[in-house]
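Peer 1: Read off the chains here:
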Amino acid sequence: MVRMTEEKHLPQIGEAQLKLLERLSNACAVSGDEGEVRKIVLEEIRPFSDEVNVDALGNVLATRRGSGELLMRVMLAAHMDEVGLMLTHDAGDGIYRFDTVGGVTAIDLPAKAVWVGKEHIPGVIGLKPLHLGNSDDQRKPVGLDDLRIDVGPVAGKVKVGDRAAFATVFSQQGGSLRGKALDNRLGVATLIELVKNSPSQIDLLVAFTVQEEIGLRGARVAAYAFNPDMAIILDSTPAYDLPTWDVDENVRYNTRLGKGPAIYVADSGTLYDPRLVRHLVETGEEHGIPYQIRQPGGGGTDAGAIHKQRMGIPSASISVPGRYHHSPASIVRLSDWQDTMDLVTAALFHLTPDILSGER
Amino acid sequence: MTELLPFLKELISAPGISGYESGVRPLIEKAWKPLTDKISVSKLGSLHGYQQGSGPEPRPSILVAVHMDAIGLMVNAIIDGFLRVTTIGGIDVRVLPGQMVTVHGRRDLPGMIVATPARLLPPSAQNIVVPLEYLLVDVGLLPEEVASLVRVGDPISFAQPPFETGGETLVGHTLDNRASMASLTHCLEILRTRPHFWDVWAVATVQEEVTFAGAFTSAFQLHPSLAVSIDVTFGSDPTSPGHLTYPMGKGPTLMWGPIVHPYLYKIIKRMAEQLEIPLSIEPAPHYSATDSDAMVLVAEGIPNLVIGIPLRYMHTPVEMVALKDITRAGRLVAEFIAQLDENFMDKLTWED
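Residue numbers (our numbering), protein chains in the order written: chain R, 1 to 360; chain V, 1001 to 1352.
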């Protein structure tokens, strides 16, 4: 739904955008091995950018200049990487030990299919049949030591050092999308659309970052390189809007699906710039775009590294809420993605230097 | 000839949890139609395929039972559009979080099993395996949509798509026991072109995973002279104790124990050696955990044989099986049936 009349180029989510998100979600880019997503990003943004390069850590840094001199330099960042696994030991006959990369929890690993390496070689993480254990076994949380990746008795193209990701194929169900790594391919897909539909009163400095999930490494050097006036980070944050164990009121939801983009005020890495938070909230109010304030608390985004770079960079984060991040699949709502796209676009079109002219 | 891999992929992609086998039964019926002389469905839903023997009437008969039911889940409550579930058949609750499923509501709905986040669980449920009662299925729809499409009692199937792995192996859910269904189909194919004196009843049983209801009732109805179960057994894998498992890809297993008639065991073992079909011997000191546990007790008692196909990660949605073992098990049973003659039952004895 187009809510604004003054902006002619509001990106709308249609077939092309969904197709792109699907490609991004099905691609594997475990932190440190972002090549597959980087390739898609470069292909998509090159025709729309004034300058594109891949930096020393593998970030894609692109510039799209506005019209005029001495424009506000606005950095937009979205991380390309996802959590996953790395094969660490070859036990023979197609069996491998592995370690986690980023916040994967062992609870999500038993009896899952995975794609190993750049060619997505299929494998499984099995679990001992319940018949061979006792009932105590089933009460013991599974640890990494109990698990192996098994690619079948003829290993073929798999080797120690390869990354593995959950083998989940993207799908749509009613108003929801389900896929792996929607944290943060949603941010990546949104940012690609923004590059294609950027406002002209600012210089857009776009970073598709690496290694967010293992320490915000890409964002740190990207922010240094750009040296922007401010930054907006696009990510996806957990929605814990599930029934509580006793079906009591859920007051620890973090965010809720269907309530629009989540605006950050405070997380474990950043106390967000109130001037930018205010700008985002007011943009939502003025244009009738749904938004929600993410419950202050843990977690974080690339802002944690960006806002402390150089002499300090005023930062904001906006997330599409999503359930079950870092598991085999996330479930998100299409309307939240569209509302996020609308809010960020409107906020950028209405961005003026005076928003940051007063003291924080 | 039915091509093994596409047939098996089709079989395991069809629903059919215990008690709700009507999703898979037509696929088996279609494959068996050209291989049998008549085909029927029992009162509880088991499929009976009949191949007439060449001997004069009254002929002895052999029943080969392969269960077609699958383990799965069932909706037992709906809360704000989320489903609470119970298990049908034996499932280690630790494999469930993050698992893709199909909810068979008013229409099939793709869903995902999730654990209630730790922050919404009581202190007593922290740092432990999240119990079944706190798992939910999310079908991605709004609460009002879910209310109109799903009811308590709807069956739920696993939805992990099948895929091939190295060394001619297949991964998927419900290979227990659809892998054996491919074996039995292969067996029927062989017997279609081989003379056999005995009548053959190929039976796709229901409800093995819960009560053996199919095996009890079909064995009673068909009243065979002998019965064979083909079922999967524990394949060696990196997570299981080696002494309780059998190598995958190195041939079927032949069970030895109180459920198995020693004469049948002796004959088929000798036959496998002559035909150079590799076998592992599977000692089962108490029960077989197959349809034979039921069939052996039917009417005045039926002598049984149990053939196993080693399978990794049993009762998870990523079971793994070697295709070679499937065809070998089918051939072994076919060869056994083909050598049954007029006097076989007279030779059947408990004494050496």
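Just so you know, these hints were derived from the structure itself, not from any lab. Honestly, I wouldn't trust all of these hints.
[Said to hold, decoys possible] Below, computed lysine to aspartate or glutamate pairings styled on EDC-like, alpha-carbon distance capped at 20 Å:
1. Lys259/R / Asp229/R
2. Lys1030/V / Glu1168/V
3. Lys1250/V / Glu1164/V
4. Lys259/R / Asp1080/V
5. Lys1266/V / Glu1335/V
6. Lys140/R / Glu119/R
7. Lys19/R / Glu249/R
8. Lys1347/V / Glu1335/V
9. Lys1038/V / Glu1010/V
10. Lys1266/V / Glu1145/V
11. Lys159/R / Glu1133/V
12. Lys1043/V / Asp1080/V
13. Lys1324/V / Glu1145/V
14. Lys140/R / Asp1080/V
15. Lys118/R / Asp136/R
16. Lys157/R / Glu1189/V
17. Lys1324/V / Asp354/R
18. Lys1030/V / Glu1057/V
19. Lys1266/V / Glu1189/V
20. Lys118/R / Asp145/R
21. Lys1033/V / Glu1189/V
22. Lys259/R / Asp246/R
23. Lys157/R / Glu1144/V
24. Lys1250/V / Asp93/R
25. Lys259/R / Glu1335/V
26. Lys159/R / Asp90/R
27. Lys259/R / Glu1342/V
28. Lys308/R / Asp229/R
29. Lys118/R / Glu1010/V
30. Lys1266/V / Glu1168/V
[To be verified] Quick look at which bits of chain V chain R covers, simulated, 3 or more residues with Cβ under 8 Å:
31. 1035-1047
32. 1075-1083
33. 1340-1350
For glycine and all other residues, C-beta sits at the position ideal for the given N, C-alpha and C.
Peer 1: Look at each hint and say if it fits the structure.
Peer 2: Against the structure, the hints come out as follows:
1. Lys259/R / Asp229/R: violated, 30 Å
2. Lys1030/V / Glu1168/V: violated, 26 Å
3. Lys1250/V / Glu1164/V: This hinted pair holds, its Cα atoms lying about 18 Å apart.
4. Lys259/R / Asp1080/V: holds, 16 Å
5. Lys1266/V / Glu1335/V: holds, 14 Å
6. Lys140/R / Glu119/R: violated, 34 Å
7. Lys19/R / Glu249/R: Violated. Lys19/R to Glu249/R sits at ~37 Å, over the 20 Å cutoff.
8. Lys1347/V / Glu1335/V: holds, 18 Å
9. Lys1038/V / Glu1010/V: violated, 23 Å
10. Lys1266/V / Glu1145/V: violated, 59 Å
11. Lys159/R / Glu1133/V: violated, 40 Å
12. Lys1043/V / Asp1080/V: violated, 38 Å
13. Lys1324/V / Glu1145/V: Violated. Lys1324/V to Glu1145/V sits at ~46 Å, over the 20 Å cutoff.
14. Lys140/R / Asp1080/V: Roughly 30 Å between the alpha carbons, so the hint for Lys140/R and Asp1080/V is violated.
15. Lys118/R / Asp136/R: violated, 39 Å
16. Lys157/R / Glu1189/V: violated, 36 Å
17. Lys1324/V / Asp354/R: Roughly 73 Å between the alpha carbons, so the hint for Lys1324/V and Asp354/R is violated.
18. Lys1030/V / Glu1057/V: violated, 29 Å
19. Lys1266/V / Glu1189/V: Not OK: Lys1266/V and Glu1189/V at ~25 Å, beyond 20 Å, violated.
20. Lys118/R / Asp145/R: violated, 25 Å
21. Lys1033/V / Glu1189/V: Given that 20 Å is the threshold and the Cα spacing comes to 11 Å, the pair holds.
22. Lys259/R / Asp246/R: violated, 24 Å
23. Lys157/R / Glu1144/V: Between Lys157/R and Glu1144/V the Cα gap is close to 48 Å, so the pair fails against 20 Å, i.e. violated.
24. Lys1250/V / Asp93/R: holds, 14 Å
25. Lys259/R / Glu1335/V: Judged against 20 Å, a Cα distance of about 65 Å means the pair is violated.
26. Lys159/R / Asp90/R: holds, 7 Å
27. Lys259/R / Glu1342/V: Answer violated: Lys259/R to Glu1342/V is near 76 Å, above 20 Å.
28. Lys308/R / Asp229/R: The hint holds at about 13 Å.
29. Lys118/R / Glu1010/V: violated, 28 Å
30. Lys1266/V / Glu1168/V: Given that 20 Å is the threshold and the Cα spacing comes to 31 Å, the pair is violated.
31. 1035-1047: violated (count 0)
32. 1075-1083: Result for this restraint: holds, n = 3.
33. 1340-1350: violated (count 0)
Figure legend: structure checked against the earlier numbered hints; hints not met, in rising order: 1, 2, 6, 7, 9, 10, 11, 12, 13, 14, 15, 16, 17, 18, 19, 20, 22, 23, 25, 27, 29, 30, 31 and 33.
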